[in-house]
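Chains as they are written, first to last, in my numbering: chain A, 1 to 241; chain B, 1 to 170; chain C, 1 to 151.
Heads up, a few of these hints could be off.
Below, simulated DSS-like cross-link-like pairs (lysine-lysine); rule was C-alpha separation at most 27 Å, straight line [unchecked claim]:
#	chain 1	residue 1	chain 2	residue 2
1	C	K6	C	K53
2	C	K52	A	K107
3	B	K55	C	K134
4	B	K55	A	K13
5	C	K7	A	K107
6	A	K148	C	K53
7	A	K227	B	K151
8	C	K62	A	K107
9	C	K7	C	K62
10	C	K62	B	K55
11	A	K226	C	K142
12	A	K165	C	K6
13	B	K55	C	K98
14	A	K226	B	K154
15	C	K66	B	K55
16	C	K53	C	K43
17	C	K62	A	K13
18	A	K107	C	K6
19	A	K165	C	K66
20	A	K13	B	K151
21	B	K55	A	K226
22	A	K107	C	K53
23	B	K154	A	K227
24	C	K142	A	K165
It should be emphasised that the hints constitute simulated quantities derived from the structure, not laboratory data.
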Amino acid sequence: MINRFIRYIQRYKGWFGGGAALCLLIGLYTGLLASPPDYYQGEVVRIMYVHVPLAHTSLLAYSVLFGGSIWYLWKRDPLVDNMCQAAATITAMFTGLALVTGSIWAKPTWNTWWTWDPRLVSFAVLLLILAGYMMLRRLVDDPDREGKYAAVLAIVGGVDLPIIKFSVEWWRTLHQPMSFSTRGVSISDDLLVPLLFMSAGCWLLFAYMLMIRTQMLYLTELLQAKKGRLLSQTHFSQSAQ
Amino acid sequence: MNWFYARWGLIGGVALLLTILTYQDYHTRLSTVPLQTMPGSSSSSKLVRIQGMVKSGTLSGDVEGGQATFEFTEGPVTIPVVYQGPPPENLRELKVLVLVGHWDAQTNVFQAQDTALLNNYGYVAAAYGVSFLALVWMLFAMSQRVMVLFKEIKESKLYEPEVDSLAKKQ
Amino acid sequence: MPKNNKKIAIIVSVLLIAGSLGYLAFGNFGQNIVYFVTPSEVKAFTPESYTKKVRVGGMVVKGTVKTQAEPVGLTFELTDGATTIPVTFEGIPPDLFKEGQGAVVEGQWMNGQTFHSTMIMAKHSEDYMPMELKRAGVELPKKDFMKTLSQ
Numbered sequence: 001m002i003n004r005f006i007r008y009i010q011r012y013k014g015w016f017g018g019g020a021a022l023c024l025l026i027g028l029y030t031g032l033l034a035s036p037p038d039y040y041q042g043e044v045v046r047i048m049y050v051h052v053p054l055a056h057t058s059l060l061a062y063s064v065l066f067g068g069s070i071w072y073l074w075k076r077d078p079l080v081d082n083m084c085q086a087a088a089t090i091t092a093m094f095t096g097l098a099l100v101t102g103s104i105w106a107k108p109t110w111n112t113w114w115t116w117d118p119r120l121v122s123f124a125v126l127l128l129i130l131a132g133y134m135m136l137r138r139l140v141d142d143p144d145r146e147g148k149y150a151a152v153l154a155i156v157g158g159v160d161l162p163i164i165k166f167s168v169e170w171w172r173t174l175h176q177p178m179s180f181s182t183r184g185v186s187i188s189d190d191l192l193v194p195l196l197f198m199s200a201g202c203w204l205l206f207a208y209m210l211m212i213r214t215q216m217l218y219l220t221e222l223l224q225a226k227k228g229r230l231l232s233q234t235h236f237s238q239s240a241q
Numbered sequence: 001m002n003w004f005y006a007r008w009g010l011i012g013g014v015a016l017l018l019t020i021l022t023y024q025d026y027h028t029r030l031s032t033v034p035l036q037t038m039p040g041s042s043s044s045s046k047l048v049r050i051q052g053m054v055k056s057g058t059l060s061g062d063v064e065g066g067q068a069t070f071e072f073t074e075g076p077v078t079i080p081v082v083y084q085g086p087p088p089e090n091l092r093e094l095k096v097l098v099l100v101g102h103w104d105a106q107t108n109v110f111q112a113q114d115t116a117l118l119n120n121y122g123y124v125a126a127a128y129g130v131s132f133l134a135l136v137w138m139l140f141a142m143s144q145r146v147m148v149l150f151k152e153i154k155e156s157k158l159y160e161p162e163v164d165s166l167a168k169k170q
Numbered sequence: 001m002p003k004n005n006k007k008i009a010i011i012v013s014v015l016l017i018a019g020s021l022g023y024l025a026f027g028n029f030g031q032n033i034v035y036f037v038t039p040s041e042v043k044a045f046t047p048e049s050y051t052k053k054v055r056v057g058g059m060v061v062k063g064t065v066k067t068q069a070e071p072v073g074l075t076f077e078l079t080d081g082a083t084t085i086p087v088t089f090e091g092i093p094p095d096l097f098k099e100g101q102g103a104v105v106e107g108q109w110m111n112g113q114t115f116h117s118t119m120i121m122a123k124h125s126e127d128y129m130p131m132e133l134k135r136a137g138v139e140l141p142k143k144d145f146m147k148t149l150s151q
């Protein structure tokens, strides 16, 4: 019998996938073709439409991991543990890509691939935390302890989130400050449209990927449990003969 | 199962179409002609885009007002330029940039009427390529795995009651 | 993997995470690690610091950029609003380097008089708009550049 939530996901995930595809398609079309270049950066400003959504989706994704970890410590639901594990892998993917696209954007604008700027360092630390998280999960054998340790690590690592977010306001940085702030929006409408569509697309894509990976982890465990039963059953029947 | 691959085929097709459109757009809007071909060519009112660097110590005129003369260089070739147009946001010495204008064969001067930034489109292509290939590849692998898992679980109905009781114990 | 190795691996991974978090907490919170110094702080350097390699951030003063052809290079002035220092650089400056915009330069405060930079990084602000709007004189809300230096 497959878990109720996994069946709900199977029923409704298509809406998220379709929504993500539609938003990303509009975002890509407007971002690459229909929007004008920036007055100061020229064509390379188009990298912003992929870098910024990837970056804040990874912060959102880590927040989901953070919330899920608290929930797991509280309720000890194995499905929540699966969800956390799924969220960590996907967050690592988004974080890694945010760093890579940031680096590609930095070369033509700042004139360097990498520099020890607070925003960049705190973001790289997020990737390190996630690498540690995934390593920890591989190393602990007992599933209950694995989930518990991983959840604690994810909650402690959550300290990095506000540091990343406000690093450009607290410290001297090469990285530009936030474009959305109490000062207002400092992106003109033409350039805002692709950014908003790509952002919505990335959020939906994250939700969709999270659903699928949770399903994947749950179903793998379920199948293993079945096969384990199957094996012990054959073993039992053989020894009985 | 066939629907699954049909859907991914559609995604691949749309991605390919978008790539072709972007490449065409780049060609019509951003490609430049080599600066070396300018001297000696006949006058033409057709606008061309040339890329080069503003030579040090040659920029003069009322730059902020949209009037300037300077020497533009690319490799061994240097050509004189007269700029007349909207106030150029990006004109300074030692700057690599793109000029839009035409060659005047009578005076041997390039008449520029606009500036554009260096077309380093490769960075844009790299950023989009890397992120979308990675994300789509990950999503495809996961979706395919889930599909196979559902199928395997459905096929191994044999010990269903026992798995059920196992789930209840947990 | 044998059990002992596993334990060591766990300890290493936890140390790695704790270390990086600690670096964040104490390195940056305490302001011991500053990404760049300001021209005012450079002016206050004692002679021992003259050979030290530092990063200086500031705004390129309008009208001070002078280029030279042989060898290719330029000089300009960098300011934080209060103090201005002269900077020299050999080579072609980066694409987005511009008067009135921010720049972070790496190099040495030679003899306490001129800053010899070996690398220029261009700092751009957070406003983005097409050329037509810029030429029409539109100004989008953005953080005052001098304020990004004072923190």
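Hint by hint, here is what the structure shows:
no. : hint               : result
1   : C:K6 with C:K53    : 42 Å, violated
2   : C:K52 with A:K107  : 26 Å, holds
3   : B:K55 with C:K134  : 26 Å, holds
4   : B:K55 with A:K13   : 58 Å, violated
5   : C:K7 with A:K107   : 41 Å, violated
6   : A:K148 with C:K53  : 46 Å, violated
7   : A:K227 with B:K151 : 14 Å, holds
8   : C:K62 with A:K107  : 25 Å, holds
9   : C:K7 with C:K62    : 60 Å, violated
10  : C:K62 with B:K55   : 20 Å, holds
11  : A:K226 with C:K142 : 59 Å, violated
12  : A:K165 with C:K6   : 35 Å, violated
13  : B:K55 with C:K98   : 16 Å, holds
14  : A:K226 with B:K154 : 11 Å, holds
15  : C:K66 with B:K55   : 12 Å, holds
16  : C:K53 with C:K43   : 15 Å, holds
17  : C:K62 with A:K13   : 56 Å, violated
18  : A:K107 with C:K6   : 40 Å, violated
19  : A:K165 with C:K66  : 38 Å, violated
20  : A:K13 with B:K151  : 18 Å, holds
21  : B:K55 with A:K226  : 74 Å, violated
22  : A:K107 with C:K53  : 22 Å, holds
23  : B:K154 with A:K227 : 13 Å, holds
24  : C:K142 with A:K165 : 17 Å, holds
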